[in-house]
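Student: Each chain is listed here by its residues.
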Amino acid sequence: MGAQLRLLRRRINSVKSTAKITRAQELIASSRIVRAQQRMQAALPYEREITRAVTGVVSNAASVDHPLTVAKENPTKAGVLIVTSDSGFCGGFNANVLREAEALRGLLETRGLTAVPYVTGRKGVTWHTFRNREMGGSWVGFSRKPSYADAKEIANVLIDSFKDDNGIDEIHIVSTEFVSMLTQNVVVKRVLPLEVEETEATDSTAIPPYFEFEPTAGDVLESLLPRYVESRIFTALLQSAAAEEAARRRAMKAATDNANELMRVLTQQMNQARQAEITQEISEIVGGANALADAAAGKE
Amino acid sequence: MAKLRVGVVSPEREIWSGEADMVIAKTVDGEIGIMPQHAPVLGVLVEGGVLRVKREGEGDLVAAVHGGFISVADNEVSVLAEVAELGSEVDVAAARDALDRAQASIEADHEDADAAIEAKRARARLKAAGEEV
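Chains as they are written, first to last, in my numbering: chain C, 1 to 300; chain D, 1 to 133.
The set of hints was computed from the structure by calculation and includes no laboratory data. Every value quoted in this text rests on a predicted model; they were computed, and no experiment measured them. Please note: incorrect hints may appear among the correct ones.
[To be verified] Per the computed footprint, the stretches of chain C lying under chain D, defined by three or more beta-carbons under 8 angstroms from a beta-carbon of chain D, are:
hint, segment
1, 50-59
2, 122-135
3, 263-270
[As the list claims (entries may be wrong)] Calculated Cβ distances over 10 angstroms to all of chain D for the following chain C residues:
hint, residue
4, 12
5, 39
6, 47
7, 104
8, 107
9, 109
10, 147
11, 167
12, 220
Don't be surprised by glycine CBs; every beta carbon is placed ideally from N, CA and C.
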């Protein structure tokens, strides 16, 4: 067997095993998306209710001044929570988030604010440490299956810094939103201070009811707002987890397709090489036989 | 008579939803009973409280609710709990165990705030399960 033929065989085998791995990864990601989506769905009612409650309090008690609702007069620092994944093999997922975070950083700088990154996910953390960027906080180990306790831990750090006079004055989240299996978008949201939207009530049902508060509006807001921030962070983490798996599935599908295509081309090359070798062998045999025949004829 | 539409939700899942005649919860100001046509209320719930939902023709639904809020508007009651557990789902042995441990650490250190909360939670879980505490 010729050297070229052996080389091609070896390459085909290696591509074949790579394809097996990426195919398995693709299938694993597909099954994980379903679970991540279920978790996302399960968290929806809480988020909806808490958003409604916050809206209720804020629109009822416009006079309530709470440190978490009031924009500081001279904001200097803004906390940016960047949600990335722990593991790779997911295409441009992390690169997209980090690119958007850089854009936000530029935007904040034009407003005279310094961005303080708070990062979740191993990939984002290494990205920042590699560039010697100082982080306000970093969390790793739960990007695939975030729990509410994780969100709470992050929220506590952010809120403490927000309440601190020398801390951050705004909180933004950069994360990936799961729209569908095929579409995931990077979104930038401002969590605090709350943006009060003045909307015109179109019909009577749109007006939030006039709430009574137990014990007072201020107290309710005091315990409601941290929960609201937690819930927003939790939703971002869950969405990002689902989006990560979807991105991984797509990346792995592309890798499997590429490996199969490569295998096809290599097999063709290998067949050609084998055919060439056989042809050469035949012509060598024929040539050798002819030479023998000629030599025998010359002797006679 | 009009009915209340009740939803008990925690951040990770919806725990229960359905119709009821009356909801009793414990806010930081004291117990509050909600019946149909109640005025809109937004209350803060206590750590380690017991939520009771009275239903027609069925037994009361009891749940241990740790922290969170109750909001009432238009005959809709939503209980937003950080952690909540239905009485029927409570692991009684585990809750009693947790209560014993928490009480032991309170005995050892009276300032132990974590243990105090832990004890409250365990007590609420046991009460929700219909156990004597």
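Student: Could you work out which earlier hints the structure fails to respect and list their numbers in ascending sequence?
Tutor: The structure breaks hints 2, 3, 5, 6, 10 and 12; every other hint is satisfied.
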